[in-house]
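Asker: Starting from two chains that each stand alone, build the complex the way the hints lay out.
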Amino acid sequence: MSEKVEKNWLEWGVFGVSLVLVLGTLAYLVYEATTLGDQPPIIEAQLGAPQQQAGEFAVPVTLINRGDQTAAGVMVEVTLESNGAGAEIERGEFSVPFLPRGATREGRVSFRTDPRAGQLKARVLGYEQP
Amino acid sequence: MRSVNKSLQEYARGVAGGLLFSLPLLYTMEVWWLGVVAHPWRLSLYVLATFVLLLGYNRFVGLRRDSCFTEVAIDSIEEMGLGLLIAFVTLWVLGRITFDMTAGEIVGITVIEAMTVAIGVSVGTAQLGGGGDDDEGEGSAGGSGTDGAAADQQVTFGGQIVLACCGAVLFAANVAPTEEIIMIAGEISAWRVLALALLSLLSGALILYYIDFTGSQKFTQAVAHHGVLAGTVVTYAIALAVAALILWFFGRFDGQPLIGCLAQTVVLGVAAMLGAAAGRLLLQ
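Residue numbers (our numbering), protein chains in the order written: chain A, 1 to 130; chain B, 1 to 284.
The set of hints was computed from the structure by calculation and includes no laboratory data.
Take every hint as true, because none was put in to throw you off.
For each label pair, taking beta carbons as the anchor points, the in silico distance ranges come out as:
id : chain 1 : residue 1 : chain 2 : residue 2 : range
1  : B       : A190      : A       : P97       : 26 to 36 Å
2  : B       : S189      : A       : G24       : 40 to 50 Å
3  : B       : I211      : A       : W12       : 44 to 54 Å
4  : A       : M75       : B       : M29       : 18 to 28 Å
5  : B       : W248      : A       : R123      : 28 to 38 Å
6  : B       : G227      : A       : M75       : 57 to 67 Å
7  : A       : R123      : B       : L128      : 50 to 60 Å
8  : B       : D100      : A       : V17       : 24 to 34 Å
Values in this document were obtained by computation on a predicted structure and should not be read as measured data.
Where is the CB? At the ideal position from N, CA and C, for every residue including glycine.
Pulled out of the complex, with its shape left as it was, chain B reads as follows (with noise of 0.2 Å):
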């Protein structure tokens, strides 16, 4: 069993997390309009999708991970909750929330936002630790994400796909809620399509394989086997697919023709392949 010190510290560090991931949604105007045009079933599948991209990450790279899925589902349950709280009292203090709204805007507007604070919070408890992990009792199974007790535990394939999620959402839905994404597809020729994803290509294969980016030795020792080609193309196959997930969540694909989707997919993908390339490094 952990200290109440420690454990206060950790809930410090996920709120500093939140707080520091989420912060540009939590200021942009577009996301407080969703929260209150989303249609609740729309709400209800993006806390959902959450919560198992929230299980991934706690299962392949959290604080515990290897614990038992109790303690993952509690780990979850707990962030999303943090989660929550942080995103109604900024929205409140930013003046966004008030008490003569109705229920439903308050619930839309504080989910839209606490999805990803809750993603940060978590990617917070379990990076921005310092080393000092050794006052902590046999209940912590893992040992923290922290470089010199993980450098030699590496992350599964099934942990690289989760980890590329997670890094493909958080920097990507810091730009999907914009006009801008819609703006740029909308006036956007082919070719320039085409170079976007081909630069997208190059840049994740940098990152992922040349620069000697921090951690990407760890990821390169875990999939060596599976080539150059292969880590990017698979790499770059997650960051449009969240691309494309985020934006359906943002309602930016409602009344597009299919060509436009695919634009806005395309641009957007950008920054998801950083945020699953670069991101994920960071996030191991």
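One chain only, chain A, in its complex shape (with noise of 0.2 Å):
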């Protein structure tokens, strides 16, 4: 049966909107799709300015991953060393359960010392490739 295609203005204005977003999505993913390599996560530790809280120390810590994949359950272990012989004063540890390509996270370590007396060290311990 082929008959013609009747539609009111708002029909045809949802069958716009729709179409853009369908194509833009698809697009989109293809775009991605193509573009992606296969580089297993590469995560980056920034660590923050120590802010003192209630007697404690809690130093922000950024994550960025940079590699094409995503990484779950990912454990990062913040040390602080002394000046000198770099003997580990105090250790303190958080996780993140997802960090997808190119996201960044943000958590907090806290420390007893004054990390100001060390030298702060972040480290990725591991993290699950889903």
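Answerer: Below is the structure:
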């Protein structure tokens, strides 16, 4: 049966918006799929300035995944080492459930010692590749 | 041509259907994760597969069945667009989408949720309407899916298959992404898998042929010459295929041994069979 498609302005509007949404989504997915490499997660941990709160020192940590794949269950360890000998004074850790590629997540580690007394080092202990 | 009010009503019905059928998925955390993890090729394939299913549903049972292909395609695109929109807004309100996420994350989560919403929209538009389509103009040829007008209009065999697929997807998709399927399949014994398969076949046969389920008369009239056994087996085959496809889409087969995949398929097959049998009777 071939009859002419008759629609009112609302229907044309909804159709137009839908067409743009669907094509846009597909185009984006295809673009992503073609530009996506297969680099495993490359996780960079950046330390922020320590803030004193309630007798403790909170150190903000920013994680950025620069690889092409998502990392799950990312465990991060931050150690505070003494300036001279490099002996570990204190250690803190936290984990992030999901770190998609290109994404940034923030966490905080708290210390009892003033981190300015030594050197802070952040390290990614491990993660799962889902 | 329909009046603006009429089509507004139709869209609202679609939105209601979309939410009704997909809310369990929108509230499931495994699905959000999957949207982030899934490869873009898999997501695009998911979109295309859903689109084909929508075309089928709109062609055979939708609101304007038997209308020309352009109209069926337009309806399908509209339903998909509404699905994307509904999924996005709902997820945003739920706080699952925030604007400091990367574009890839936002698109991934929205797409993976939107496809079930789109099928819900399609079913809602066709099924949730009251009988009053007398004020529809000559624009709609097929009439709506409500009983009075459609009772004598039988769904063909191809239509039955599409319907069974839709029913199976709608019911199975809500359970498929949960960890429970993997857990059950991992711990189950071979005999229990067999028992589940038999249980699925039995429940399917009962629903389709014996308990006089809503709409089952229409179904048996359409395919009476196939017999109970053939009808049930075909329905179960569809249910298993749909279950396997959904599990694959949701990445449940990645790194699993063949027997694990099979066990998962049969476990999910129970839900898919209920959908393919009872669901399809309700959807037609």
